[in-house]
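From first to last, the protein sequence lines are chains A and B. Just so we're aligned: 35 in this note's numbering is position 35 of the first sequence, and the numbers increase by one with no gaps anywhere. Just so we're aligned: 552 in this note's numbering is position 552 of the second sequence, and the numbers increase by one with no gaps anywhere.
Simulated from the structure, these hints should not be mistaken for lab results. Heads up, a few of these hints could be off.
Okay, derived cross-link-like pairs now, DMTMM-like style, lysine to aspartate or glutamate, Cα gap no bigger than 20 Å in a straight line [said to hold, decoys possible]:
id, chain 1, residue 1, chain 2, residue 2
1, B, Lys375, A, Glu16
2, B, Lys372, A, Glu16
3, A, Lys7, A, Asp37
4, B, Lys372, A, Asp13
5, B, Lys18, B, Glu164
6, B, Lys18, B, Asp204
7, B, Lys18, B, Glu50
8, B, Lys375, B, Glu347
9, B, Lys372, B, Glu392
10, B, Lys18, B, Glu8
11, B, Lys375, A, Asp13
12, B, Lys372, A, Glu15
13, A, Lys7, A, Glu31
14, B, Lys375, A, Glu15
15, B, Lys18, B, Glu169
16, B, Lys372, B, Glu409
17, B, Lys290, B, Glu264
Owing to the predicted nature of the structure, the values given are computational and were not obtained by experimental measurement.
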Amino acid sequence: VRNRARKVLIVDDHEELRTSVARLVRAWGHEVAVAGDGPTALAVAQSFQPDVAVLDVLIPGITGPELARQLRAIPLSTRPFLIAMTADGDPLLQKACLDGGFDAYVAKRSVLDLEALLRRSPS
Amino acid sequence: MLERNRGEEAVRQVEAVKARFYATVHQVLGMIASGSALPDVLERMVLLVEQQSHGMRCSVLLLDDDGTTIRHAAAPGLPPEYVRMIDGLPIGPRVGSCGTAMFLAQPVIVTDMLADPLWEDLRDAARSSGQRACWAMPIFSLQGRVLGSIALYYSEPRAPRDDELGLIEWAADVAAIAIEQQRAHEALRQSETRNRAILRAVPDMMFLLTADGTYLDFHVQDDSRLFAPPSAFLGRNVRDVLPPPLGERLAQAVARVARSDESETVQYSLELDDAERFFEAFIVGCDGNKVLSIVRDVTDRKRAEVEAAAHRRELAHLSRVGMLGELTGALAHELSQPLTAVLGNAETARLLVSRDPLDLHQLRAALDDIIKNNKHAAAVIDHVRALLRNDETVLQPVNVNDVVREVVELAHGEAVSRHITITTTLAPRVPPVLGDRVQLQQVVLNLVLNACDAMSEAPVAHRQLTLATEWDNGHVRVVVSDRGVGIPADQLERVFEPFVTFRKKGLGLGLAISRSIVTAHRGSIRADNNADGGATFRFSLPRAAVSVEQTVSAP
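So here's chain B without its partners, still in its complex pose:
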């Protein structure tokens, strides 16, 4: 009975020890999970291990990031002077139990520290530890890298039992988890610090939105750059925060990005403090169903572009005015035709009305022609005035055949007075290009006047100027050929540079401006010498995109 009671008592004691052990294990794992400081976790674990056997001591060492230096981590039961002597030693093939275990990446069992050759160089330390047996186990990361070591000590020489080896292996695994967890935490913290630094350095604004366009979070250097204060947009939909057309546009872009996983760039402008500012939103999918909108203020760049475009326009205008100045004589000639016709028809009508019988048929023909002549004169004036005006660049579908026809009409007088014959070959059904009609006329007129100049010394029979239009799937071309002096071969590449000229008059800006106009229309221009004399200039413009309706109505 007593036997049995004693047996039950022993079982109860073992159960109690187990319960305490598991409670402490839970505590250690809980500390790891909650991100407690590594030294605290390791010390608690060392104490837990020491509880498992009376008189046993435990220590944990870490291997420095340099891969060679031993760092003290936890050894609450060992003398501080011993800890100091071990801390900072390099690992090696004969550096006690732990230094050797880390070096060899395998367990090192030393039954007597005062006798074992591995401790030969560290006998003082061994003595100061007050311990005799020291069994060390490397702590490995999941990838098998040595993170440190854990050791069990006894104050008398002895070898480990199997259960003691099991304990030390278990402790090494727990230590590995604790160390790796801490390193992961540290890496995350560093990355967050880095991200915060990047965020601080980046001038862009960032907005986190749901797929349906509700603002969740934002980052901005300076709240005053926001269109609305955070309280007015966080938790609300972009449609309700921004002016209607823009809010709708952005909401649709956000929805598209959330659906498709592709990024989108949206350009828009907003009035901030009574000034229009331009923005570019780069919208990317992020974090599942959410969307990140990175917004950059591109006002300065935009203004520079607008200014450059305005300069180009001014220069183009000046150049047009200059060209028309050269043409005034010819334009007067061109206008004198309808004006003279009006005079002739009016005088005829005056004579006819005083005759008896009245020839009504002739009279009406004369009066009808006066109206026609007048319209013609007005059209010539309109063309000239359009070229003289300094209007905003207007991009619209333009038929290059019309452009060529109008230029030929303007240049007709000039060509005739120089005994130049202009032949036009216009491609039928030429597709439209997207362009500024006046600027394109300017390019053609510039090429025509240059061609006229190139032929000023040529025999009259050779003064042939050919204007042609061509088109293919992607482009529409205008080709201007003359039979003049041509261009020196080494200058072909340079003719479009400013201040390069082969004319007796002019600054040499015409072709440079023509090229800048063509380039602004996303086209290209080139010059070639003809095999049979003279030069050919051709410029090419992309066809205007075919609209949806046109596609639908196509057979």
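Just chain A, with the same shape it has in the complex:
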């Protein structure tokens, strides 16, 4: 159960970062879907039914907590585990993410920590 593959939705407006993280998460053995903006993320989530959503908290047009709220509002078979991805390790921002409805956070520079977070996430 611990090493079971998760369905991971990755949302980031930076194409190069999205591609890299998606490739890495796949290499860890998970199933991946990606989205570059808020509306796409919601649409993909509905069809993909992710176990985990990794959301860049700074994407154009919507705030991270707002996107988290909207993801929670759509009917999904399981309540996805929400991970905020922040540009740096700013503790204030990370606290704001937890208060805003995220379950965990990871700074982009520590993207390798995602592996452990994904393993720990409920499935």
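Add chain B to chain A, keeping to what the hints say.
Just chain B now, with coordinates in the frame of chain A:
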């Protein structure tokens, strides 16, 4: 026989008199032509006239420049006391023969000075002259102005014969020529004196050259300011005197001016006493086929301009550094994207190489992306470093679309963190402008950051920033619109002034510096409030001149 001999003798005498007369006439005309002093010429002429009839006296008076005062000129056969009494009198309707003739501008024939009413006030003078008849003729200039008068006197009362009237008219004409010639000489002398004074006062150097560029003459205040001593350039060609590229340039300008009759200004610099000095040569056609080059030393002005430009550059640099300081967070965010991507791809590659079978396709994709990510990170750093550098202003053809794209990339993180959506509408095939790429980026970045600030209190849905480029025949424009608070109507004209600010941070120098940059690019910048809220800033730059090759290759 005797009769006949006597007749021949008389003819010989008449011929001899005529010969003497013409010889003297030649002498007088020669004196006039050679520019002899006027009193000498007039006296010789008076003596010539007196020779024509025994006992006849002649005098010439001049009318002063004031148009009323009589001035003695020549009267060698009249008593000095009489001359003194006439000299300085004002002309008038009853001032003897000459004073009246000058006043009336017509001949005045007085047969008896002691009886004529015209001499009534001057009887003492008349008596002192020892003369009785006085026939005066005004001397007219070519324009018909009265220059003076000439008079013939006899010691007994009498009227003139026709030949005597002819003589006096002839003498008046000769006197007129002599006086006018002398006045022309005087005017020329005064003008030359004036020109010399002007030359002394003018700091410019002057060179007279032939159409092919050979130095003929020069004027300079101080020989030490010459590039070469006069002996090294007079009679030689400008191509041989000045350093080759400059000599050729000036020679061509001289040739063009000589051909076309239009003036030209050539700016150049020369090394004088180990220091570079700047000159401006104003080249005009002169005296037929020759050319005058008036050269001004503009070194001081040039240095002031260079200093002002350097100050502007320093200020612009400081302002850029300040702007980037505000952006550091966003720039770190921007850099964290490629760096994170590198990390992710490298870790993927590490995992892939330890697997069996080896997925070469995936491995190569990850490694290729690492290279791409790295280049992206380097590009971001290069952009930032370019803005941070304090380089010399470099004018080159710049595509404003590229400028806008690069600024949007730099400002992207800042905009996202403030929940501002940037929309760019770039005009296709935008022609290049001649400009300094970094300084133009600075202007756009300044407008973008101002727009972001203006929208900081706006509802998230309204935080829209629009960047557009436009162009027409003459100009290329960049338009930056926001939906923020706008600018108070009475401040629209002032926003570009230094220390005028509506931002919470900053000195209010950004827009002043932006304007100085745009102005230095021969462009203009303006601010307007939008009808539906927010403000629009637009700046316009002249299109770079189309080069000859481009014209030729155009369909």
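Consistency of the hints with the structure:
no. : hint                   : verdict
1   : Lys375(B) to Glu16(A)  : holds, 12 Å
2   : Lys372(B) to Glu16(A)  : holds, 9 Å
3   : Lys7(A) to Asp37(A)    : holds, 19 Å
4   : Lys372(B) to Asp13(A)  : holds, 17 Å
5   : Lys18(B) to Glu164(B)  : holds, 15 Å
6   : Lys18(B) to Asp204(B)  : violated, 58 Å
7   : Lys18(B) to Glu50(B)   : holds, 14 Å
8   : Lys375(B) to Glu347(B) : holds, 18 Å
9   : Lys372(B) to Glu392(B) : violated, 31 Å
10  : Lys18(B) to Glu8(B)    : holds, 15 Å
11  : Lys375(B) to Asp13(A)  : holds, 19 Å
12  : Lys372(B) to Glu15(A)  : holds, 12 Å
13  : Lys7(A) to Glu31(A)    : holds, 5 Å
14  : Lys375(B) to Glu15(A)  : holds, 15 Å
15  : Lys18(B) to Glu169(B)  : holds, 18 Å
16  : Lys372(B) to Glu409(B) : holds, 16 Å
17  : Lys290(B) to Glu264(B) : holds, 14 Å
In this structure, the hints that do not hold are numbers 6 and 9, in rising order.
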